[in-house]
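So the chains spell out like this:
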Amino acid sequence: MTCPMVSHNSEMLVAYAAGELDMESVASLERHLADCPACRSVMADQTALWKALDAWEAPAVSTDFNRRLYRRIDTEARLSWWERLTRPFRPMPLRHALPLTASAALLLMAGFLLQHPAKIAPVEPRSPTVRADQVESTLEDLELLRQFGAVNSPESGHSDAM
Amino acid sequence: MGVAAAALDYDAELMLRVKDGDSACFDLLLEKHRASVIHFVYRLVQEQAVAEELAQEVFLRVYRSRSSYEPTAKFTTWLFRIATHLALNWLRDEKHERGQDRLDDGSPDLPIRQVSDRRPSVEQEMVQRVKLEEIRRAVAALPEKQRAAVLMHKYEEMDYIQIARVLGCSESALKSLLFRAYETLRARLAHMGRI
Amino acid sequence: MRQAVFVFGLALASAAGALVVAQETAAQDQALAANALDRWNRMSPAERERELAKLPPARAKLIRQRLRRYNAMSPQEQQALRERYQTFSELPPAKQQVVRQRLREFRQLPAPRRPIVHAEVERLRALPEAQRQAQLNSEEFRSHFSPQEQEIVRDLTQYLEK
Numbered sequence: 001m002t003c004p005m006v007s008h009n010s011e012m013l014v015a016y017a018a019g020e021l022d023m024e025s026v027a028s029l030e031r032h033l034a035d036c037p038a039c040r041s042v043m044a045d046q047t048a049l050w051k052a053l054d055a056w057e058a059p060a061v062s063t064d065f066n067r068r069l070y071r072r073i074d075t076e077a078r079l080s081w082w083e084r085l086t087r088p089f090r091p092m093p094l095r096h097a098l099p100l101t102a103s104a105a106l107l108l109m110a111g112f113l114l115q116h117p118a119k120i121a122p123v124e125p126r127s128p129t130v131r132a133d134q135v136e137s138t139l140e141d142l143e144l145l146r147q148f149g150a151v152n153s154p155e156s157g158h159s160d161a162m
Numbered sequence: 163m164g165v166a167a168a169a170l171d172y173d174a175e176l177m178l179r180v181k182d183g184d185s186a187c188f189d190l191l192l193e194k195h196r197a198s199v200i201h202f203v204y205r206l207v208q209e210q211a212v213a214e215e216l217a218q219e220v221f222l223r224v225y226r227s228r229s230s231y232e233p234t235a236k237f238t239t240w241l242f243r244i245a246t247h248l249a250l251n252w253l254r255d256e257k258h259e260r261g262q263d264r265l266d267d268g269s270p271d272l273p274i275r276q277v278s279d280r281r282p283s284v285e286q287e288m289v290q291r292v293k294l295e296e297i298r299r300a301v302a303a304l305p306e307k308q309r310a311a312v313l314m315h316k317y318e319e320m321d322y323i324q325i326a327r328v329l330g331c332s333e334s335a336l337k338s339l340l341f342r343a344y345e346t347l348r349a350r351l352a353h354m355g356r357i
Numbered sequence: 358m359r360q361a362v363f364v365f366g367l368a369l370a371s372a373a374g375a376l377v378v379a380q381e382t383a384a385q386d387q388a389l390a391a392n393a394l395d396r397w398n399r400m401s402p403a404e405r406e407r408e409l410a411k412l413p414p415a416r417a418k419l420i421r422q423r424l425r426r427y428n429a430m431s432p433q434e435q436q437a438l439r440e441r442y443q444t445f446s447e448l449p450p451a452k453q454q455v456v457r458q459r460l461r462e463f464r465q466l467p468a469p470r471r472p473i474v475h476a477e478v479e480r481l482r483a484l485p486e487a488q489r490q491a492q493l494n495s496e497e498f499r500s501h502f503s504p505q506e507q508e509i510v511r512d513l514t515q516y517l518e519k
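Residue numbers (this note's numbering), protein chains in the order written: chain A, 1 to 162; chain B, 163 to 357; chain C, 358 to 519.
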């Protein structure tokens with residue numbers, strides 16, 4: 001095969017380090033690597049780089065991420081409704097404006113209380129239903145607390161997680 | 163990608179159902195993709211709170227555009243296109259505000275717990291912390307598109323064609339960009355020795 | 358005029374009602390989170406499956422495993438764990454996160470160190486505050502525990518009340 005470094009084709013080396021090459025290409029490249037110090041060096045660096053990047057974990061997602069998102073969706077839906085209600089606006093005498101404004105406010109509040117939730121299923125439903133990810137984080141917390149509390153018991157060091 | 167081909171992309175099918183008013187399908191898409199979107203944005207901007215805010219905006223935009231959704235590409239291509247766009251905009255705004263590459267200012271945003279290979283000894287913890295900081299800085303020092311390309315390739319395991327579509331370039335341009343990025347990272351991290 | 362005032366007053370009352378609903382919802386949210394597992398166990402199998410189906414299969418499977426293990430604990434063990442969890446869940450979210458992190462780090466300690474760190478936490482928790490602080494700041498404490506272990510002891514002693 002043509003030397004990847006000579007042909008400026010590090011794609012093969014990158015794919016090899018990432019474990020993406022097919023078996024035939026792996027065999028061909030490995031035969032080449034046996035005789036090519038330049039490629040061996042790049043390969044070693046790329047493999048080491050891949051391993052280093054593997055170690056870079058991202059933090060866990062906040063447990064209230066969905067709830068915050070659904071609230072924003074909800075808020076947007078309600079704001080649109082409010083905007084529709086307040087258009088068009090024209091100045092008018094106070095004796096007309098006051099009761100009209102009050103009635104509009106009353107209607108708005110009634111709508112706020114009575115309207116159905118946004119089409120998206122609410123994250124915190126009024127029914128006893130609980131989301132699976134809420135249970136998931138509760139179970140994890142329970143397990144952490146159980147493991148801490150169990151340290152001096154016969155199960156101490158037992159790796160059987162919940 | 164024609165409508166017929168969308169049948170092969172389960173996520174696109176779900177999104178079409180969201181378009182039809184099936185909100186449970188949006189829940190499914192959110193659960194399936196939120197972690198990868200947040201993690202991708204996090205590694206781009208390197209601030210967890212910002213990453214979650216931007217990720218929220220990504221899904222908000224997906225939801226807002228449901229009535230006009232057309233499966234012209236894979237769902238994840240569209241999703242990551244939005245995420246990349248928002249993250250890169252944030253990075254540019256930050257750079258403009260602060261007048262420097264904030265991400266390369268040496269202030270660690272990543273506590274030791276984010277290194278997956280935890281060892282009990284204090285010395286090994288220190289070594290891991292230093293390594294992680296080097297990795298973080300090296301990625302942060304890449305030009306934005308190269309950074310995004312590396313993160314999609316390495317952590318989202320996207321193929322070249324898809325990454326190219328996300329970044330709006332040809333496959334050959336993407337490969338050139340990506341391999342240049344890897345070359346830079348190898349050079350920058352080589353002083354650490356074989357990691 | 359009198360009618361306008363009446364209508365306006367009604368609007369204000371509705372606004373206050375909406376605020377109360379919002380506050381109750383927030384309280385319900387917290388109550389929901391604290392009792393997620395109990396509420397989950399009260400849901401019908403169909404509801405539980407519907408929730409689990411929203412998660413990636415690997416996560417759903419892990420939740421099922423953890424639920425089986427929890428439900429297999431004796432009533433006394435469950436009660437003790439629930440009490441510990443109750444204390445934990447009453448902490449503000451930021452402190453919960455600290456405790457969670459320290460418990461994870463505790464779990465990662467080498468097996469021989471865990472009972473020692475655990476015993477130190479229990480010992481310090483039993484002391485009055487002033488004495489506890491003196492011990493935590495002492496050279497003896499620092500010499501017996503690594504910096505990470507010191508942080509674990511410090512935070513768990515402070516936040517995991519008896």
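Everything labelled a hint here was simulated from the structure, so no lab data went into it.
Heads up, some of the hints might be wrong.
[Said to hold, decoys possible] Pairs of lysine-lysine residues, derived as DSSO-like cross-links and limited to a Cα-Cα distance of at most 27 Å, are as follows:
#	chain 1	residue 1	chain 2	residue 2
1	B	Lys337	A	Lys51
2	B	Lys337	B	Lys307
3	B	Lys181	C	Lys452
4	B	Lys257	B	Lys181
5	A	Lys51	B	Lys194
6	C	Lys411	B	Lys307
7	B	Lys181	B	Lys194
8	B	Lys307	A	Lys51
9	B	Lys257	B	Lys293
10	C	Lys418	B	Lys194
11	B	Lys307	B	Lys194
12	B	Lys181	A	Lys51
13	B	Lys307	B	Lys293
Hint check:
Restraint check: the Cα-Cα separation between B/Lys337 and A/Lys51 comes to about 21 Å, which is no more than 27 Å; the hinted pair holds. Of the supplied pair hints, the one linking B/Lys337 and B/Lys307 holds, its CA atoms being roughly 12 Å apart against a limit of 27 Å. Under the criterion of a C-alpha separation no larger than 27 Å, the hint pairing B/Lys181 with C/Lys452 is inconsistent with the structure, at around 41 Å. As the CA atoms of B/Lys257 and B/Lys181 are separated by approximately 37 Å, the hinted pair breaks the 27 Å bound.
For the hint linking A/Lys51 to B/Lys194, the alpha-carbon distance of about 26 Å falls within 27 Å, and the restraint holds. At most 27 Å may separate the alpha-carbon atoms for a hinted pair to count; C/Lys411 and B/Lys307 exceed this at roughly 33 Å. For the hint linking B/Lys181 to B/Lys194, the alpha-carbon distance of about 18 Å falls within 27 Å, and the restraint holds. For the hint linking B/Lys307 to A/Lys51, the alpha-carbon distance of about 22 Å falls within 27 Å, and the restraint holds.
Simply put, B/Lys257 and B/Lys293 have alpha-carbon atoms about 25 Å apart, close enough for the 27 Å limit, and the pair holds. Proximity of C/Lys418 to B/Lys194 is assessed by CA-CA distance (about 15 Å); at most 27 Å being required, the pair is judged to hold. Distance hint between B/Lys307 and B/Lys194 is fulfilled; the C-alpha atoms sit about 25 Å from each other, no more than 27 Å. Restraint check for B/Lys181 and A/Lys51: not satisfied, since their Cα atoms lie roughly 41 Å apart, outside the 27 Å limit.
Taking the CA atoms of B/Lys307 and B/Lys293, the gap is near 24 Å; set against the 27 Å cutoff, the hint holds.
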